[in-house]
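Trainee: Each chain, letter by letter, is given below.
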Amino acid sequence: EPEVTQTPSHQVTQMGQEVILRCVPISNHLYFYWYRQILGQKVEFLVSFYNNEISEKSEIFDDQFSVERPDGSNFTLKIRSTKLEDSAMYFCASSGGSSLGAQHFGDGTRLSIL
Amino acid sequence: GESVGLHLPTLSVQEGDNSIINCAYSNSASDYFIWYKQESGKGPQFIIDIRSNMDKRQGQRVTVLLNKTVKHLSLQIAATQPGDSAVYFCAENMDRASGSARQLTFGSGTQLTVLP
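Chains A and B, in that order, are what the protein sequence lines are.
Start counting the first sequence at 3; every next residue gets the next number (my numbering).
Start counting the second sequence at 23; every next residue gets the next number (my numbering).
No wet-lab data here; the hints were simulated from the structure.
A hint or two may mislead.
Claimed, not checked - Cβ pair distances, simulated, as ranges:
#	chain 1	residue 1	chain 2	residue 2	range
1	A	Gly18	B	Pro104	39 to 47 Å
2	A	Glu20	B	Ala100	47 to 55 Å
3	B	His94	A	Pro72	39 to 47 Å
4	A	Glu20	B	Pro138	46 to 54 Å
Claimed, not checked - In silico DSS-like pairs for lysine-lysine, Cα to Cα no more than 30 Å straight-line:
#	chain 1	residue 1	chain 2	residue 2
5	B	Lys90	B	Lys78
6	A	Lys44	A	Lys85
7	B	Lys64	A	Lys80
8	A	Lys59	A	Lys80
9	A	Lys59	B	Lys90
10	B	Lys78	A	Lys44
11	B	Lys64	B	Lys93
12	A	Lys85	A	Lys59
13	B	Lys93	B	Lys78
14	A	Lys44	A	Lys80
15	B	Lys90	A	Lys44
16	B	Lys93	A	Lys44
17	B	Lys78	B	Lys64
18	A	Lys85	B	Lys64
19	A	Lys59	B	Lys64
20	A	Lys44	B	Lys64
21	A	Lys59	B	Lys93
22	A	Lys59	A	Lys44
These figures come from a predicted structure and were not determined experimentally.
Ideal Cβ placement from N, Cα and C applies to all residues, glycine included.
Construct all of the structure, not just a fragment, from the sequences and the given hints.
Mentor: Structure (structure tokens):
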């Protein structure tokens, strides 16, 4: 069964450094998402992406965040200057050919900021 | 602000019994709902979804019920098995613009523990 894959599984970074989290969505999907989950809390929406542009973003997704689909398979989340409060699990998701479709999630990248 | 929330943070059931996990949502404009299962160290796993023009949908061992009058969603798991132990989230989705990618709003989650 096709799945969303994310790398790395765990990223440890010094505060103020840039990080790039990578995702390979399901191959025929057209809609892409990033969510985060702080330990013990609910999953929170960050950003959605369709047709090579951001569709929606939350208040969390400030100027330090950016997303990119550099080629036909990868979808990345960049945090330019990380803060301690960016420590969380970051999940990538994708959904199919309709905006009303189930979003399928990867297993996440655990980001630890020191 | 409007949000999706769960009534109970934990639920313990005996193996073989049926489980019912509840969810209240407050956004009456939501038109699509999904239940996810999250095991430790894993991402949310899609279980079942339902659109607002339905009130019941069945899958394999799972049934989702939607009551729009009271804005309530439930997930029923038949013959609960040890492998069903996980955190279960409901998520709502509201159409904001035609063709745009939609964001999901997640509830807080219910920890289901299946007892031997």
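Trainee: Any hints this thing doesn't respect? Which numbers, in order?
Mentor: Every hint satisfied by this model.
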